[in-house]
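Participant: Residues per chain, in single letters:
There are 2 protein chains.
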Amino acid sequence: MTEAALAIEPTDPVLETDFAKEMVRQMRAIDTYGTYDDWPLEKILEPFVLTKEKKREIPVIGDPDEIVIARVKAFYNAISAMIEKECKLMAVPMLNLTHEGFGRVLITVGKLVVMDRTLRDVHRFGFPTLGKMKDEADKILSVALEIIGKHSDVAGM
Amino acid sequence: MTEAALAIEPTDPVLETDFAKEMVRQMRAIDTYGTYDDWPLEKILEPFVLTKEKKREIPVIGDPDEIVIARVKAFYNAISAMIEKECKLMAVPMLNLTHEGFGRVLITVGKLVVMDRTLRDVHRFGFPTLGKMKDEADKILSVALEIIGKHSDVAGM
Numbered sequence: 001m002t003e004a005a006l007a008i009e010p011t012d013p014v015l016e017t018d019f020a021k022e023m024v025r026q027m028r029a030i031d032t033y034g035t036y037d038d039w040p041l042e043k044i045l046e047p048f049v050l051t052k053e054k055k056r057e058i059p060v061i062g063d064p065d066e067i068v069i070a071r072v073k074a075f076y077n078a079i080s081a082m083i084e085k086e087c088k089l090m091a092v093p094m095l096n097l098t099h100e101g102f103g104r105v106l107i108t109v110g111k112l113v114v115m116d117r118t119l120r121d122v123h124r125f126g127f128p129t130l131g132k133m134k135d136e137a138d139k140i141l142s143v144a145l146e147i148i149g150k151h152s153d154v155a156g157m
Numbered sequence: 001m002t003e004a005a006l007a008i009e010p011t012d013p014v015l016e017t018d019f020a021k022e023m024v025r026q027m028r029a030i031d032t033y034g035t036y037d038d039w040p041l042e043k044i045l046e047p048f049v050l051t052k053e054k055k056r057e058i059p060v061i062g063d064p065d066e067i068v069i070a071r072v073k074a075f076y077n078a079i080s081a082m083i084e085k086e087c088k089l090m091a092v093p094m095l096n097l098t099h100e101g102f103g104r105v106l107i108t109v110g111k112l113v114v115m116d117r118t119l120r121d122v123h124r125f126g127f128p129t130l131g132k133m134k135d136e137a138d139k140i141l142s143v144a145l146e147i148i149g150k151h152s153d154v155a156g157m
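Just so you know, the sequences run in chain order A and B. Using the numbering used here, read the first sequence as starting at 1 and increasing by one per residue. Using the numbering used here, read the second sequence as starting at 1 and increasing by one per residue.
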């Protein structure tokens, strides 16, 4: 896949948010060879944005490769890190995928499942825009924090 | 590995328990070709019992193969089925392993994590005797039911 120009504008205000910074941190954590060291943020996060054009290039049916799986993990790791930051309790993501890209991902805090999702078509993982990615993460985060607030005893177990 | 004679005695009373019956049911569920159809119970469960002699034959370091992983799943599926039977709520196991046989397994009921374990050396998965396997399962079951009793609201979510 070629690098689609402007999937994320360098001036996109979302790049300034804690979520985007955490995503970049997650991506750098798996960047063993320092490839991203002198990349701008929008280039590091670019693979997460699947514009219509980019999505069209990916076959409907396919197996997710290691790189896509690492990206999915980075996304849920970032959300876990944000949950942790807010509630001061450890949040642990767990991803389970079949070879065909179906699976389940959950995040636990103590003995509480704060997010539980079915994944489909993981080889096409991505969001229409960076803003939509952040919205999705924010939604998961706020639901998680609400559950933790209600069941803090279980979250603290 | 050759079939170690008498890893389980055909007269072992544990074979009569609900746990052993559930284990056999789980093993039959993955027995696509009906290989086990005319096997006695003790032969179907035999691979779960790693006598000292059998364990010695397995290298200390190794990657778990599909068959061992299926066995680990059968064990935690059986426990989940027993939890379900007792509390009338769906119990879902989730197993996550690296190629090297390290990982994590958990069982959730609703939004409650009723079991959470780290796995090691999965290629050597097994129990000294059938009785010890049942003890282990019973222990997990009773802890799970206790947590469910205490946090039935979260388990029912």
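Simulated from the structure, these hints should not be mistaken for laboratory data. Treat the hints with caution; some may be incorrect.
Treat identical chains as interchangeable: a pair holds within one or across any two.
[To be verified] Listed next, the in silico DSSO-like pairs over lysine-lysine satisfying Cα-Cα at most 30 Å (straight line): (1) K54 / K85; (2) K54 / K88; (3) K150 / K88; (4) K85 / K55; (5) K85 / K150; (6) K139 / K150; (7) K52 / K150; (8) K43 / K150; (9) K73 / K139; (10) K54 / K150; (11) K88 / K52; (12) K88 / K55; (13) K52 / K85; (14) K55 / K150.
None of these values were measured; they are calculated from a predicted model.
Participant: Each hint: holds or not?
Facilitator: Each hint, compared with the structure:
For a Cα distance limit of 30 Å, the shortest separation of K54 from K85 qualifies neither inside one copy, at 33 Å, nor across copies, at 48 Å. Taking the closest pair of Cα atoms, K54 and K88 never come within 30 Å of each other, the shortest separation being 38 Å inside a single copy and 46 Å across copies. For the identical chains of this complex, K150 and K88 are neighbours both inside a copy (15 Å) and across copies (24 Å), given an alpha-carbon limit of 30 Å. When the C-alpha separation of K85 and K55 is checked against a cutoff of 30 Å, the pair qualifies neither within a copy, at 33 Å, nor between copies, at 44 Å.
Taking the closest pair of Cα atoms, K85 and K150 come within 30 Å of each other both inside a single copy (18 Å) and across two copies (28 Å). Both within a single protomer and between protomers do K139 and K150 lie at most 30 Å apart by alpha-carbon distance, with minima of 17 Å and 29 Å respectively. In this assembly of identical chains, K52 and K150 lie within 30 Å of each other by CA distance neither inside one copy nor across copies; the values are 39 Å within and 49 Å between. Taking CA atoms no more than 30 Å apart as the test, K43 paired with K150 passes in neither setting, with 39 Å inside one copy and 49 Å between copies.
For the identical chains of this complex, K73 and K139 are intra-copy neighbours only, at 17 Å inside a copy versus 33 Å across copies, given an alpha-carbon limit of 30 Å. In this assembly of identical chains, the alpha carbons of K54 and K150 never lie at most 30 Å apart, being 41 Å within a copy and 49 Å across copies at closest. For a Cα distance limit of 30 Å, the shortest separation of K88 from K52 qualifies neither inside one copy, at 38 Å, nor across copies, at 45 Å. Taking the closest pair of Cα atoms, K88 and K55 never come within 30 Å of each other, the shortest separation being 37 Å inside a single copy and 43 Å across copies.
When the C-alpha separation of K52 and K85 is checked against a cutoff of 30 Å, the pair qualifies neither within a copy, at 34 Å, nor between copies, at 47 Å. Within a single copy, K55 and K150 get their C-alpha atoms no closer than 39 Å, and across copies no closer than 47 Å, so neither meets the 30 Å cut-off.
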